[in-house]
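Novice: Spelled out from the first residue to the last, the chains are:
There are 2 protein chains.
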Amino acid sequence: MSILVVGSVAFDSIETPHGKRERCLGGAATHFALAASFFTDVRVIAVVGEDFTAEHEAVLTRRRIDTRGIEHLPGKSFHWSGSYVKSLNDAETLNTELNVFETFSPKIPSAYEDSEFLFLANIDPVLQANVRAQMPKVRLAFGDTMNYWITGHTENLLKVLKHLDGLLINDGEAKLLAHDTNLVAAAKKIHELGPKTLVIKHGEYGATAFFSENVFGGKRRVHPFRAPALPLETVVDPTGAGDSFAGGFFGYIASQGEMTPAVVKRAMFYGGVMGSFAVERFGTERIQSLTRDEIDARFAIFEELSHLE
Amino acid sequence: MSILVVGSVAFDSIETPHGKRERCLGGAATHFALAASFFTDVRVIAVVGEDFTAEHEAVLTRRRIDTRGIEHLPGKSFHWSGSYVKSLNDAETLNTELNVFETFSPKIPSAYEDSEFLFLANIDPVLQANVRAQMPKVRLAFGDTMNYWITGHTENLLKVLKHLDGLLINDGEAKLLAHDTNLVAAAKKIHELGPKTLVIKHGEYGATAFFSENVFGGKRRVHPFRAPALPLETVVDPTGAGDSFAGGFFGYIASQGEMTPAVVKRAMFYGGVMGSFAVERFGTERIQSLTRDEIDARFAIFEELSHLE
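Protein sequence lines correspond, in order, to chains S and A.
The numbers in my numbering rise by one with no breaks, and the one at position 130 of the first sequence is 130.
The numbers in my numbering rise by one with no breaks, and the one at position 111 of the second sequence is 111.
Derived by calculation from the structure, the hints in this document are not laboratory data.
Just to be clear, a hint being listed does not mean it is correct.
Claimed, not checked - In silico DSSO-like pairs for lysine-lysine, Cα to Cα no more than 30 Å straight-line:
1. S/K137 <-> S/K162
2. A/K162 <-> A/K137
3. A/K76 <-> A/K20
4. A/K20 <-> S/K188
5. S/K107 <-> S/K137
6. S/K175 <-> A/K20
7. A/K175 <-> S/K86
8. A/K196 <-> A/K162
9. A/K86 <-> S/K188
10. S/K107 <-> S/K76
11. S/K189 <-> A/K20
12. S/K175 <-> A/K175
13. S/K20 <-> A/K188
14. S/K86 <-> A/K188
15. A/K175 <-> S/K20
16. A/K159 <-> A/K137
17. A/K86 <-> A/K20
18. A/K162 <-> A/K175
19. A/K86 <-> S/K175
20. S/K188 <-> S/K162
21. S/K189 <-> A/K86
22. S/K20 <-> A/K189
23. A/K107 <-> A/K137
24. S/K86 <-> A/K189
25. A/K86 <-> S/K86
26. A/K137 <-> A/K189
Unchecked claim - Residues on chain S that point at chain A, a partial pick, calculated with CB under 8 Å:
27. V184
28. L232
29. E303
30. H307
Ideal Cβ positions, reconstructed from N, Cα and C, are used throughout, including at glycine.
Please work from the sequences and hints to get the whole structure.
Specialist: Dropping the structure here:
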């Protein structure tokens, strides 16, 4: 079943201890869509400038991603510059040029209207709410956000959260959103804000899902589930790891069509698998060359890494 | 099979957001021995003062722990005061009184000489080396250490590590010891220092074991294995969580008598289980009241928390 993702398609200039890349293809929607495309059909809503060429678009269409919802405007695409030289765990933002993104007003092509799954990547919650309102009939709506929106645009964010089935954020974001330093307590508070499924990402330590027995109805027992991250000796570029996790996670759920505990658990593993590939090379390089066989082989490694038998 | 543990038997004065305790029974050897006693026979080598009463000793002997190696000296026992009020993840040491521990010279009773498993809890590496040298025939020798010994007593520590089969430390200690911020690279460097099995504890995120196929010989493929920690809404007192983890981990290995990958994996889970109980109440309170049935029930929760099926 189809996922509609709305978010940034952008260019990133990245410096890490392993080298530099200038203006490589990036953005949350790009990383999410590429990862999810290994599991299901993906449709993208975003805005780009004249620097986004046919060659860039082909990175997406080669993975059969529907790009009809990418609006082309005069000017330049969103451009982020960041450095991981001081720490691979914390991006230092050197520069952010919103460019065409500044006036982004998401429009949903009629061909996208039958999308059953919606992912609101990390953008202004006002835009997230706008898209959510235009897609009232989706089976599941998940989203992402970041500290900037949590602290500075709280009310707008809370409005979106009411209409989300699930939220994927990291430790620090969850604690900030819930005003609680205990993850279990934070998860309970975030459930009350709307999302009945919460995935908290712990970076190199994996991720924890807190989910209800059955989001389509029935009893609401909350399960915690912990998925490992792969211990990696070399992390070339962490950019997009979280979005790739989200793409693997939500892509697998969409491919199964329903969110049973068994599906959520496997989705957590696929999220970790896609995140582990994303960081092996710069930008989208590794995911571009990835095969389904490699995904299956790494899924087996994740099982060996965490299962008693 | 019997474990001999050498380390501190002490009194702790602890303050956490959940309350205070003055001079409750603690010390690494105490927490380790109590946790390990649910799996195998345990013998303790330590030194205490006149404030260590028959009532304190009974906490150990009620769990059938052999206390003949606890030396009684005039004066007071080791006393640590700490606070977790600022953060449950970092103990703030308010005061340390070594007392009788200052002149501790471990003596091994002849009744202990047939111990097959040796655990060197976190004490001066000179004392660890002393005990290791007195027990040349143990099947497996594991140990613990801390930043203080890693940075200030490096040479002495390196001498002990050469004669250890395994080491249990936390993330920060592993990175400090290996001079490497990447855990996989750090694990490889620590393997080179001696211990062929390394357990790195990640606090609330669980723990990772890096272990060889078979430490008793054969090929040396290194497996990583990640065990979860239980997401807990309430942590009353983190003191002794790491020592309880070590007791569950090494206690289970000793109970099985050999260190196959399957045994190490289950040992990691038992470590997590014992750590999760330890923090539920102050000091040794929770472990004192614990039953084997509760351990088995929580082991099943750890499986549900991390396994796909």
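Novice: Are A/K159 and A/K137 close enough, with their CA atoms no more than 30 Å apart?
Specialist: Holds. A/K159 to A/K137 sits at ~18 Å (cutoff 30 Å).
Novice: Between S/K189 and A/K20, does the CA-CA distance stay at or below 30 Å?
Specialist: holds, 28 Å
Novice: Run the distance test for A/K86 versus S/K175: straight-line Cα separation, threshold 30 Å.
Specialist: Holds. A/K86 to S/K175 sits at ~16 Å (cutoff 30 Å).
Novice: Quick one, are S/K20 and A/K189 close enough, alpha carbons at most 30 Å?
Specialist: holds, 28 Å
Novice: Hey, A/K162 versus A/K137, does the alpha-carbon distance stay inside 30 Å?
Specialist: holds, 15 Å
Novice: Would you mind confirming whether the straight-line C-alpha gap from S/K107 to S/K137 stays at or under 30 Å?
Specialist: holds, 16 Å
Novice: For the pair supplied as a hint, A/K137 and A/K189, confirm whether the alpha-carbon distance does not exceed 30 Å.
Specialist: The given pair, whose Cα atoms are some 26 Å apart, holds under the 30 Å limit.
Novice: CA of S/K175 to CA of A/K20, is that 30 Å or under?
Specialist: This hinted pair holds, its Cα atoms lying about 26 Å apart.
Novice: Starting from S/K86, check that the Cα of A/K188 is at most 30 Å away, please.
Specialist: holds, 23 Å
Novice: For the pair we were handed, A/K86 and S/K188, check the Cα-Cα distance against 30 Å.
Specialist: holds, 23 Å
Novice: S/K188 and S/K162: Cα distance at most 30 Å?
Specialist: holds, 14 Å
Novice: Check whether the Cα positions of S/K86 and A/K189 lie no farther apart than 30 Å.
Specialist: holds, 22 Å
Checked against the numbered hints given earlier, the structure satisfies every one of them.
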